[in-house]
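Q: The residues making up each chain are set out below.
Number of protein chains: 2
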Amino acid sequence: MSLPTEYIGVIAEKSGGPEVLKFVKRPIPELDDDELLVKVAAAGVSRPDVLQRLGRYTLPKDAHDVLGLEISGTVIARGSRATSAIGAHVCCLMNGGGYANYAVVKESLTLPIPKRCAWSDAAGIPEACFTVWYNMMEVGALQRGERVLLHGGTSGVGTFAIQIARAHGAIVFASAGDARKVEACKKLGAHYGIDYKNEDFIEICKRETGGEGVEIIMDMVGGDYFARNVDCLAMDGRLIEIAYLRGAKVELNIDTIMNKRITITGSKLRPLPMERKARIAQQMQRQLWPWIDQAKVRPVIDKIFPFQKVMDAHKYLESGQHVGKIILEIQ
Amino acid sequence: MSLPTEYIGVIAEKSGGPEVLKFVKRPIPELDDDELLVKVAAAGVSRPDVLQRLGRYTLPKDAHDVLGLEISGTVIARGSRATSAIGAHVCCLMNGGGYANYAVVKESLTLPIPKRCAWSDAAGIPEACFTVWYNMMEVGALQRGERVLLHGGTSGVGTFAIQIARAHGAIVFASAGDARKVEACKKLGAHYGIDYKNEDFIEICKRETGGEGVEIIMDMVGGDYFARNVDCLAMDGRLIEIAYLRGAKVELNIDTIMNKRITITGSKLRPLPMERKARIAQQMQRQLWPWIDQAKVRPVIDKIFPFQKVMDAHKYLESGQHVGKIILEIQ
Chain P
1 MSLPTEYIGV IAEKSGGPEV LKFVKRPIPE LDDDELLVKV AAAGVSRPDV
51 LQRLGRYTLP KDAHDVLGLE ISGTVIARGS RATSAIGAHV CCLMNGGGYA
101 NYAVVKESLT LPIPKRCAWS DAAGIPEACF TVWYNMMEVG ALQRGERVLL
151 HGGTSGVGTF AIQIARAHGA IVFASAGDAR KVEACKKLGA HYGIDYKNED
201 FIEICKRETG GEGVEIIMDM VGGDYFARNV DCLAMDGRLI EIAYLRGAKV
251 ELNIDTIMNK RITITGSKLR PLPMERKARI AQQMQRQLWP WIDQAKVRPV
301 IDKIFPFQKV MDAHKYLESG QHVGKIILEI Q
Chain C
332 MSLPTEYIGV IAEKSGGPEV LKFVKRPIPE LDDDELLVKV AAAGVSRPDV
382 LQRLGRYTLP KDAHDVLGLE ISGTVIARGS RATSAIGAHV CCLMNGGGYA
432 NYAVVKESLT LPIPKRCAWS DAAGIPEACF TVWYNMMEVG ALQRGERVLL
482 HGGTSGVGTF AIQIARAHGA IVFASAGDAR KVEACKKLGA HYGIDYKNED
532 FIEICKRETG GEGVEIIMDM VGGDYFARNV DCLAMDGRLI EIAYLRGAKV
582 ELNIDTIMNK RITITGSKLR PLPMERKARI AQQMQRQLWP WIDQAKVRPV
632 IDKIFPFQKV MDAHKYLESG QHVGKIILEI Q
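Here the protein sequences line up with chains P and C, keeping their order.
Note that the working numbering gives residue 61 to position 61 of the first sequence, counting from 1, and the numbers run on in steps of one.
Each number in the working numbering corresponds to the 1-based position in the second sequence with 331 added.
Please keep in mind that the hints were generated in silico from the structure rather than gathered at the bench.
Fair warning: there could be bad hints in the mix.
Computed list of chain C residues with no C-beta within reach of chain P, every gap over 10 Å [what the hints assert, rightly or not]:
1) S451
2) K528
3) D555
4) Q618
Heads up, simulated DMTMM-like pairs for lysine to aspartate or glutamate below, C-alpha to C-alpha not over 20 Å straight-line [to be verified]:
5) C:K591 <-> P:D62
6) C:K599 <-> P:E212
7) C:K580 <-> P:D231
8) P:K277 <-> C:D567
9) C:K640 <-> C:E344
10) P:K260 <-> C:E469
11) C:K392 <-> C:E344
12) P:K106 <-> P:D34
13) C:K392 <-> P:E212
14) C:K580 <-> P:D255
15) C:K591 <-> P:E138
16) C:K599 <-> P:D236
17) P:K260 <-> C:E606
18) P:K268 <-> C:E543
19) C:K580 <-> P:D224
20) P:K268 <-> C:D562
21) C:K599 <-> P:D255
22) C:K608 <-> P:D236
23) P:K260 <-> C:D393
24) P:K206 <-> P:D231
25) C:K591 <-> P:E275
26) C:K591 <-> P:E251
27) P:K249 <-> C:E582
28) P:K61 <-> C:D567
29) P:K61 <-> P:E13
30) P:K268 <-> C:D586
Virtual Cβ for every residue (Gly too), placed ideally from N, Cα, C.
In isolation and in its complexed conformation, chain P is listed as follows (with noise of 0.2 Å):
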């Protein structure tokens, strides 16, 4: 078979709205030693993708400016130094460059499609597994038996967290923001669900441990939140912040961090250095992969759009009416 020497992907020509996406033909780089060529068959559309349209997301200086952070597909072609089969079946993690027909990744952030997943449900696995075993299982180190609040519980990140918590013995509170969402979050496997809009979350995780509070908070509202997160951990609790929707800017006691002996971190996981993603690529092999395989935790689809209508599958996910991650089918 003769390799492509082109590919079509998809760009973001100026910052603005979903009409400033742009397909452009490119040709296809040279691989280094440890790269593939893969034929894309899905890739997922995450929040840092329109958060990079609107040109609101500071890139790492060697992202791509073609968009998508994950996709799935067939290994064409390998570097010197990679060992993957050609026509292996992989989903894998990208810094850009995953909204397009052909991607040139890196093997150490490829991992096998597991048993029963359709392409579309693999490739909208990476970005957030990535950042929900980075954050709630390596930095956070959650245990089992501790109480994980996940705010956004319907979100990309947020279905996987709630069932990986879960998986791995947690107890888990949910937040979404109408009772639709609530249920989805409890199907999934949240002990508690708190519809945020009508119910406080911290008086229902206080209730609900003895007026403990939880162990682990993974955020991704900050602004007003903060502080009332700091309020809802208990002794000894973990802040993860991944995202900051309603603002960047809070306030903080470093008295109540010092009574509580909290802990108040945060990550983007573009920037994350390559072999720190290589080793999550591995834990969650080892780790995560026996679940999906299990159907412990299952891949949440909530829409696939074909590849011709990216712009609607970026105006669906500002809609924020989702229940899961929102794919692109490429081909």
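Given chain P's structure and the hints, the job is docking chain C onto it.
A: Here is chain C on its own, set in the frame of chain P:
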């Protein structure tokens, strides 16, 4: 030898200046299984004692109203499960009760007096070293070759922190309030001394680390130092709060935390669970005691006051002139 039935201790009769300190006579309580009765030789005078006197320290439920968090002395009786030799020379971390001629202590928080240490040296070790070991070594997980910034370099905690960080192979930045104190920090092993009244600690730390900043800051200042500490941290840096002399309420930017993957945490030593304190004691005996024996780490005693002059000792601590620990000689 017949055991004493009463002890003389110092309490703060009400909140206020050094004049509220008062000597009282009390019966010595019966020993619990895991306790020792110690004839006190010397006691350390620490900032939390002053805060307690001022009524600005929330006492844990089981705390003693007699001041004093650390002593050295001779074991003269032991509880049924305690194994220390009668006559053993020990120093000990306490939950209050140290400003006294006899004290009941938990055996698990007791350590042998290091070689070459006088009673007064040994009495100044526990409170500062437990604080440093827990925060900098255990929570901060300081690694060889990492860069650490220590504010309050000439405080009791600071003088130990500089030496311990240096002995552990870290690069040490220490700040202090005048040229004499900066010189003292350097003599203790700080690679860089910072006169915070005349120099910008961020500028110095950044310059000497090729713009990267420091991996760990142990802070006792808070207030306007908070945001500057965050600014001064390197990627994956840890900010550890142990006091907030300039105020507890501060502002935080979640985006900065996420971009640099910063961890912010803090603690108070006194309310730490007993089992954790006991574990710290074991780690200190294994790692820190040999450094003290080898004179890699030396207790820095600024001034020794006779027991009767406890008010003067408090006044002197509050004057901020000291370099190192202030000690009460009891008997």
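Q: Each of the hints needs a verdict: does it hold here or not?
A: For each hint, the structure was consulted:
{"no.": "1", "hint": "S451", "in the structure": "29 Å, holds"}
{"no.": "2", "hint": "K528", "in the structure": "22 Å, holds"}
{"no.": "3", "hint": "D555", "in the structure": "12 Å, holds"}
{"no.": "4", "hint": "Q618", "in the structure": "22 Å, holds"}
{"no.": "5", "hint": "C:K591 <-> P:D62", "in the structure": "17 Å, holds"}
{"no.": "6", "hint": "C:K599 <-> P:E212", "in the structure": "19 Å, holds"}
{"no.": "7", "hint": "C:K580 <-> P:D231", "in the structure": "15 Å, holds"}
{"no.": "8", "hint": "P:K277 <-> C:D567", "in the structure": "15 Å, holds"}
{"no.": "9", "hint": "C:K640 <-> C:E344", "in the structure": "17 Å, holds"}
{"no.": "10", "hint": "P:K260 <-> C:E469", "in the structure": "17 Å, holds"}
{"no.": "11", "hint": "C:K392 <-> C:E344", "in the structure": "18 Å, holds"}
{"no.": "12", "hint": "P:K106 <-> P:D34", "in the structure": "6 Å, holds"}
{"no.": "13", "hint": "C:K392 <-> P:E212", "in the structure": "17 Å, holds"}
{"no.": "14", "hint": "C:K580 <-> P:D255", "in the structure": "8 Å, holds"}
{"no.": "15", "hint": "C:K591 <-> P:E138", "in the structure": "17 Å, holds"}
{"no.": "16", "hint": "C:K599 <-> P:D236", "in the structure": "12 Å, holds"}
{"no.": "17", "hint": "P:K260 <-> C:E606", "in the structure": "17 Å, holds"}
{"no.": "18", "hint": "P:K268 <-> C:E543", "in the structure": "19 Å, holds"}
{"no.": "19", "hint": "C:K580 <-> P:D224", "in the structure": "16 Å, holds"}
{"no.": "20", "hint": "P:K268 <-> C:D562", "in the structure": "18 Å, holds"}
{"no.": "21", "hint": "C:K599 <-> P:D255", "in the structure": "9 Å, holds"}
{"no.": "22", "hint": "C:K608 <-> P:D236", "in the structure": "15 Å, holds"}
{"no.": "23", "hint": "P:K260 <-> C:D393", "in the structure": "17 Å, holds"}
{"no.": "24", "hint": "P:K206 <-> P:D231", "in the structure": "10 Å, holds"}
{"no.": "25", "hint": "C:K591 <-> P:E275", "in the structure": "17 Å, holds"}
{"no.": "26", "hint": "C:K591 <-> P:E251", "in the structure": "19 Å, holds"}
{"no.": "27", "hint": "P:K249 <-> C:E582", "in the structure": "7 Å, holds"}
{"no.": "28", "hint": "P:K61 <-> C:D567", "in the structure": "18 Å, holds"}
{"no.": "29", "hint": "P:K61 <-> P:E13", "in the structure": "18 Å, holds"}
{"no.": "30", "hint": "P:K268 <-> C:D586", "in the structure": "9 Å, holds"}
Comparing the model with each earlier hint shows no violations; every hint is respected.
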